[in-house]
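First to last, the sequence lines map onto chains A and B.
If you're matching positions, the first sequence starts at 0 in numbering that gives the first Met the number 0 and goes up one per residue.
If you're matching positions, the second sequence starts at 0 in numbering that gives the first Met the number 0 and goes up one per residue.
Accuracy of the hints is not assured; some may be wrong.
Below, simulated SDA-like cross-link-like pairs (lysine to any residue); rule was C-alpha separation at most 25 Å, straight line [unchecked claim]:
no.: 1; chain 1: B; residue 1: 79; chain 2: B; residue 2: 115
no.: 2; chain 1: A; residue 1: 289; chain 2: B; residue 2: 115
no.: 3; chain 1: A; residue 1: 235; chain 2: B; residue 2: 106
no.: 4; chain 1: A; residue 1: 235; chain 2: B; residue 2: 183
no.: 5; chain 1: A; residue 1: 80; chain 2: B; residue 2: 106
no.: 6; chain 1: A; residue 1: 155; chain 2: A; residue 2: 131
no.: 7; chain 1: A; residue 1: 80; chain 2: B; residue 2: 113
no.: 8; chain 1: A; residue 1: 78; chain 2: B; residue 2: 53
no.: 9; chain 1: A; residue 1: 235; chain 2: B; residue 2: 262
no.: 10; chain 1: A; residue 1: 235; chain 2: B; residue 2: 79
no.: 11; chain 1: A; residue 1: 235; chain 2: B; residue 2: 130
no.: 12; chain 1: A; residue 1: 182; chain 2: B; residue 2: 260
no.: 13; chain 1: A; residue 1: 235; chain 2: B; residue 2: 163
no.: 14; chain 1: A; residue 1: 283; chain 2: B; residue 2: 154
no.: 15; chain 1: A; residue 1: 235; chain 2: B; residue 2: 131
no.: 16; chain 1: A; residue 1: 78; chain 2: B; residue 2: 112
no.: 17; chain 1: A; residue 1: 78; chain 2: B; residue 2: 161
no.: 18; chain 1: B; residue 1: 163; chain 2: B; residue 2: 135
no.: 19; chain 1: A; residue 1: 235; chain 2: B; residue 2: 32
no.: 20; chain 1: A; residue 1: 78; chain 2: B; residue 2: 115
no.: 21; chain 1: A; residue 1: 235; chain 2: B; residue 2: 122
no.: 22; chain 1: A; residue 1: 277; chain 2: A; residue 2: 191
no.: 23; chain 1: A; residue 1: 160; chain 2: B; residue 2: 135
no.: 24; chain 1: A; residue 1: 160; chain 2: B; residue 2: 254
no.: 25; chain 1: A; residue 1: 160; chain 2: B; residue 2: 260
no.: 26; chain 1: A; residue 1: 80; chain 2: B; residue 2: 105
no.: 27; chain 1: A; residue 1: 160; chain 2: B; residue 2: 114
no.: 28; chain 1: A; residue 1: 160; chain 2: B; residue 2: 115
no.: 29; chain 1: A; residue 1: 160; chain 2: A; residue 2: 80
no.: 30; chain 1: A; residue 1: 290; chain 2: B; residue 2: 115
no.: 31; chain 1: A; residue 1: 78; chain 2: B; residue 2: 0
no.: 32; chain 1: A; residue 1: 80; chain 2: B; residue 2: 115
no.: 33; chain 1: A; residue 1: 235; chain 2: B; residue 2: 105
no.: 34; chain 1: A; residue 1: 235; chain 2: B; residue 2: 118
no.: 35; chain 1: A; residue 1: 289; chain 2: A; residue 2: 368
no.: 36; chain 1: A; residue 1: 235; chain 2: B; residue 2: 113
Short derived list, chain A residues pointing at chain B, Cβ under 8 Å [stated by the list, open to error]:
no.: 37; residue: 37
no.: 38; residue: 39
no.: 39; residue: 84
no.: 40; residue: 167
Since the hints were derived computationally from the structure, they do not count as laboratory data.
Being a predicted model, the structure only gives us computed values, none of them experimental.
Cβ coordinates follow ideal geometry from the N, Cα and C atoms, glycine included.
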Amino acid sequence: MKKITALVLALCLVLGIGAAMAEDLTLTIGHIGPQTGPAAVYGLATYRGAKIAADEITAADNGITVVLLNEDDTHDAEKAKNAYNSIMEQGAQMIVGTTTTAPCIAVGALAYEERVFMLTPSASSTDVTADKDNVYQVCFTDPNQGSASAAVIKEKALGTKIAVIYNNADAYSTGIYQTFVQKADELGLEIVSTTTFTDETTDFSVQVADAKNNGADLVFLPIYYTPASQILIAAKSQNYAPTFFGVDGMDGILTLEGFDTSLAEGVMLLTPFVADAKDEMTVKFVEEYKKLYDEVPNQFAADAYDCVYALVEAAKKAGVTSDAAAEDICDAMIAAMQEIQVTGLTGTMTWSANGEVDKVPTAMVIKDGAYVGLGN
Amino acid sequence: MIFLSNLVNGISLGSIYAIIALGYTMVYGIAKMLNFAHGDVIMVGAYIIFCGAQYWGLPAPVAVLLAMLVCTVLGMTIEKLAYKPLRQATGLAVLITAIGMSYLLQNTALLIWGANPKVFPSPFSTDALHLFGGELVIKPETLITILANVVIMIALSLFISRTKMGKAMRCVSEDRGAAELMGINVNRTISVTFAIGSALAAIAGLLLCSSYPMLQPTTGSMPGIKAFTAAVFGGIGSIPGAMLGGVLLGIIEILGKAYISTELGDAIVFAVLIVVLLVRPTGLLGKPVREKV
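So here's chain B without its partners, still in its complex pose:
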């Protein structure tokens, strides 16, 4: 029963990583860049929801929609200002810019909201599920996060495989130059990718802070890094991979802490990543890329 309880906690944490990883993997898969500011867009989303619900008196769904809107605009602005001018630059330059953007967002949040931590009120007020005579407790947040993961994963997969914009995204992902020659607007496609990724960040912010209700300007950074790890673990660029990687990572982290040592929890997570990458360099569900000579 203790094991089952730990497993549930692991899935709960993992599903949070998964939903953040979806944003990472989507942007990477299409724009071929690591958006390290993703975790911080999540933090901004969470703050907007917090302010909406606590200060402006908005009902929770409206606050979430507002946060999605703000994050979408923010994501597209970041892309336009910071990443678009570097479209022809090396990958490293874009990567460093993304890290800089991450710090910019954190410190701007520090200026606006101050560094006093806030406890995020969970909008999911239903009671937790008590199974086996109260031995096993499942929080409503966990169920909602898993459900959100599945819905988003299916929706994204359908969007990318069935719609015209999705087709354009796949083309841009495969060969940006050729896509442009075929008349695909590469800039717009990447912009839309960022918009979707950032809207997802707002939802991830809601779910992250509902499950772990401590909101401060650095809230997004550690979960962001863990989620990035999850995305790599599952095979970066692969949408089901992000989901699988996230959930597995959460389970490994919790079981590692519970059965090996709380002190080594994070070390275990990253050790597993190293082992997986040594055995399968493309991650669990990543497609092997053959170098053409």
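Extracted from the complex, chain A is given alone in its bound form:
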């Protein structure tokens, strides 16, 4: 710790920014996420959440202005690199993003080379932070989501015979699956059916039938909401009604165009943010979000909101100036991230040196077309 403090101080001296700290700060943050494409729900939510945080901080009149730049990566690794290059050319000092895992791994590699600090709201794979000291996460890592899901299922006795359907062509899905199985094994949960699909799969009848025929009373879906909607439809047509349990990728199913949300009734998911929570911060954020965008924010929006606050906190700690270049402040930001503690919408967070966040997950259930806490 002493070493890090010394390093920060030394950096401040080197960059000559110690004296500038009291002055006004304009922080330019670049947001990258899919705003069109199959994962658009997530990128739009993270942008909107970040935007609300940026405007709030700027309006607070304490000398800090946050300028939020925005680029669309369409949930495509190649396009994400272009988005990154474009946003850096526009003068971003640090990145909020990227929203989804595969693009985040690609952009993370570039940012590592060029020394740009990244804080992703929602790319949850460990591959996002692995071997890159400059990438931090606000969401849980996939291993964390998988084992936390197993723990919740065990603790609340949600199911005795469990089926898992996951996307074996997707790093996010596979990552959660692996840790889920490991933890389930530890806790003595019985997994009776494991089936897979890929991005090209149109027919889910086999996967659902396998779960049904093996008598599973809970189906764990560590997948995104688009295939999940197809699985819910297939389950209905097979007269199969187990408990469905998803992770953060399930968030978005209620806003899928044309989807009969009554099918999602009773679906559970693990998420650190509850839009109907009664604390002052959440109520204020949800009201603002509803006013601006006419919908209830999901956890991605909340994660991105927390991202911006965490970045500002770290930037203050690192003594970042308005005109500092991204590569000059990266190391100071990394050191600062490990020291700060931020209480945001998704809980009280601290970060470890490998970029992973420490906070507490909550289980939710869909009731009357809205998320409510599982405890209620």
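Add chain B to chain A, keeping to what the hints say.
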């Protein structure tokens, strides 16, 4: 019972492949070209039906008719703009153009409708058939798809064997040069072939998205490739072959996934294709073509 249930699911998927394969095989049989954009015309058809029913408030049958009309015009336009100028070019040039056309359609759809997936509301609202005390569930979509397949297969066979236009199509298929010398308008014949193939694509779009209701710009591409496989499997150019190939392919895919591995489902499908082509290069119902020296 589990086997029977898987079999029904296989037939359900297979009948979707079959109806797409009918379009492939018809165009190939007559124009002797692989229209790789067929899967994407299906996607366009599905979008038109979706928009018609959801945004413009049209009753479902009207939306389907509209989609058939749009697809027919689209198919004929594609043929006129992209394929007709290449009538004298090598087969490879036409093939590449077809692949290009497929991407053009996908990306245009991306521009118009965005990439947010939409859940396609099935217009067949009748309840599923529950047999053996609910053990075996047959969706109305499956029955309608099979019925549509049979009707279309018979209608197409009759059209090709009995009508004057059908006769012209067979002539063009057999020998384009000789057909022209006999006074057959080759361009018009091929154009009509595309029109029929594309109208079928709209129906295939309806049935595909009713059974598997996820609509996005890439919706047609994977089923399109599988259906093409089915057409080759059954013997490309043969109308009953497309139907047989499609249904068999669907059954193989589902049974392979159910009893061998979900991870290997697609690999099994294509492995079977390779084996069949090694044993019977013309496909199950394809006519062997003798090379004349």
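Status of each hint after checking the structure:
1. For a cut-off of 25 Å, the pair hint linking residue 79 of chain B to residue 115 of chain B is broken: about 31 Å separates their Cα positions.
2. Among the hinted pairs, residue 289 of chain A with residue 115 of chain B is consistent with the structure: their alpha-carbon atoms are about 21 Å apart, no more than 25 Å.
3. Under the criterion of a C-alpha separation no larger than 25 Å, the hint pairing residue 235 of chain A with residue 106 of chain B is inconsistent with the structure, at around 33 Å.
4. At most 25 Å may separate the alpha-carbon atoms for a hinted pair to count; residue 235 of chain A and residue 183 of chain B exceed this at roughly 53 Å.
5. For the hint linking residue 80 of chain A to residue 106 of chain B, the alpha-carbon distance of about 20 Å falls within 25 Å, and the restraint holds.
6. As the CA atoms of residue 155 of chain A and residue 131 of chain A are separated by approximately 37 Å, the hinted pair breaks the 25 Å bound.
7. A C-alpha spacing of about 21 Å is found between residue 80 of chain A and residue 113 of chain B, which places the hinted pair at or below 25 Å, so the restraint holds.
8. Straight-line distance between C-alpha atoms of residue 78 of chain A and residue 53 of chain B comes to about 32 Å, which puts the hinted pair past the 25 Å bound.
9. About 23 Å separates the Cα atoms of residue 235 of chain A and residue 262 of chain B, which keeps this hinted pair within 25 Å; it holds.
10. As the CA atoms of residue 235 of chain A and residue 79 of chain B are separated by approximately 44 Å, the hinted pair breaks the 25 Å bound.
11. The suggested pairing of residue 235 of chain A with residue 130 of chain B holds, with an alpha-carbon distance near 16 Å, which does not exceed 25 Å.
12. In summary, the hint linking residue 182 of chain A to residue 260 of chain B is supported, as the alpha carbons are separated by about 24 Å, within the 25 Å threshold.
13. The suggested pairing of residue 235 of chain A with residue 163 of chain B is violated, with an alpha-carbon distance near 48 Å, which exceeds 25 Å.
14. Restraint check for residue 283 of chain A and residue 154 of chain B: not satisfied, since their Cα atoms lie roughly 64 Å apart, outside the 25 Å limit.
15. For a cut-off of 25 Å, the pair hint linking residue 235 of chain A to residue 131 of chain B stands: about 18 Å separates their Cα positions.
16. With a C-alpha separation of about 20 Å, the suggested pairing of residue 78 of chain A with residue 112 of chain B holds against the 25 Å cut-off.
17. Only pairs whose Cα atoms come within 25 Å are accepted, and residue 78 of chain A paired with residue 161 of chain B is rejected, the gap being roughly 53 Å.
18. Only pairs whose Cα atoms come within 25 Å are accepted, and residue 163 of chain B paired with residue 135 of chain B is rejected, the gap being roughly 45 Å.
19. A threshold of 25 Å between alpha carbons decides the hint, and for residue 235 of chain A with residue 32 of chain B the separation of about 41 Å lies outside it, so the pair is violated.
20. For the given pair, residue 78 of chain A sits about 17 Å from residue 115 of chain B by alpha-carbon distance, which is consistent with the 25 Å threshold.
21. As the CA atoms of residue 235 of chain A and residue 122 of chain B are separated by approximately 17 Å, the hinted pair is consistent with the 25 Å bound.
22. Distance hint between residue 277 of chain A and residue 191 of chain A is unfulfilled; the C-alpha atoms sit about 39 Å from each other, more than 25 Å.
23. Annotation: proposed proximity of residue 160 of chain A to residue 135 of chain B holds, straight-line Cα distance about 22 Å (limit 25 Å).
24. Restraint check: the Cα-Cα separation between residue 160 of chain A and residue 254 of chain B comes to about 24 Å, which is no more than 25 Å; the hinted pair holds.
25. Restraint check: the Cα-Cα separation between residue 160 of chain A and residue 260 of chain B comes to about 21 Å, which is no more than 25 Å; the hinted pair holds.
26. At most 25 Å may separate the alpha-carbon atoms for a hinted pair to count; residue 80 of chain A and residue 105 of chain B meet this at roughly 23 Å.
27. A C-alpha spacing of about 37 Å is found between residue 160 of chain A and residue 114 of chain B, which places the hinted pair above 25 Å, so the restraint is violated.
28. The suggested pairing of residue 160 of chain A with residue 115 of chain B is violated, with an alpha-carbon distance near 34 Å, which exceeds 25 Å.
29. This hinted pair does not check out: residue 160 of chain A and residue 80 of chain A have alpha carbons roughly 43 Å apart, beyond 25 Å.
30. A hinted pair counts as satisfied when its Cα atoms are at most 25 Å apart, and residue 290 of chain A with residue 115 of chain B qualifies at roughly 23 Å.
31. At roughly 48 Å between alpha-carbon atoms, residue 78 of chain A and residue 0 of chain B are farther apart than 25 Å, so this suggested pair is violated.
32. A threshold of 25 Å between alpha carbons decides the hint, and for residue 80 of chain A with residue 115 of chain B the separation of about 21 Å falls inside it, so the pair holds.
33. Of the supplied pair hints, the one linking residue 235 of chain A and residue 105 of chain B is violated, its CA atoms being roughly 30 Å apart against a limit of 25 Å.
34. Simply put, residue 235 of chain A and residue 118 of chain B have alpha-carbon atoms about 15 Å apart, close enough for the 25 Å limit, and the pair holds.
35. The suggested pairing of residue 289 of chain A with residue 368 of chain A holds, with an alpha-carbon distance near 16 Å, which does not exceed 25 Å.
36. A hinted pair counts as satisfied when its Cα atoms are at most 25 Å apart, and residue 235 of chain A with residue 113 of chain B does not qualify at roughly 28 Å.
37. Interface hint at residue 37 of chain A: satisfied, since its Cβ lies 6 Å from the closest Cβ of chain B, which is below the 8 Å cut-off.
38. Hint on residue 39 of chain A holds. Least Cβ distance to chain B is approximately 5 Å, under the 8 Å limit.
39. Hint on residue 84 of chain A is violated. Least Cβ distance to chain B is approximately 22 Å, over the 8 Å limit.
40. Of the supplied interface hints, the one on residue 167 of chain A holds, with its beta-carbon coming within about 6 Å of a beta-carbon of chain B, less than 8 Å.
Checked against the numbered hints given earlier, this structure breaks hints 1, 3, 4, 6, 8, 10, 13, 14, 17, 18, 19, 22, 27, 28, 29, 31, 33, 36 and 39; the rest are met.
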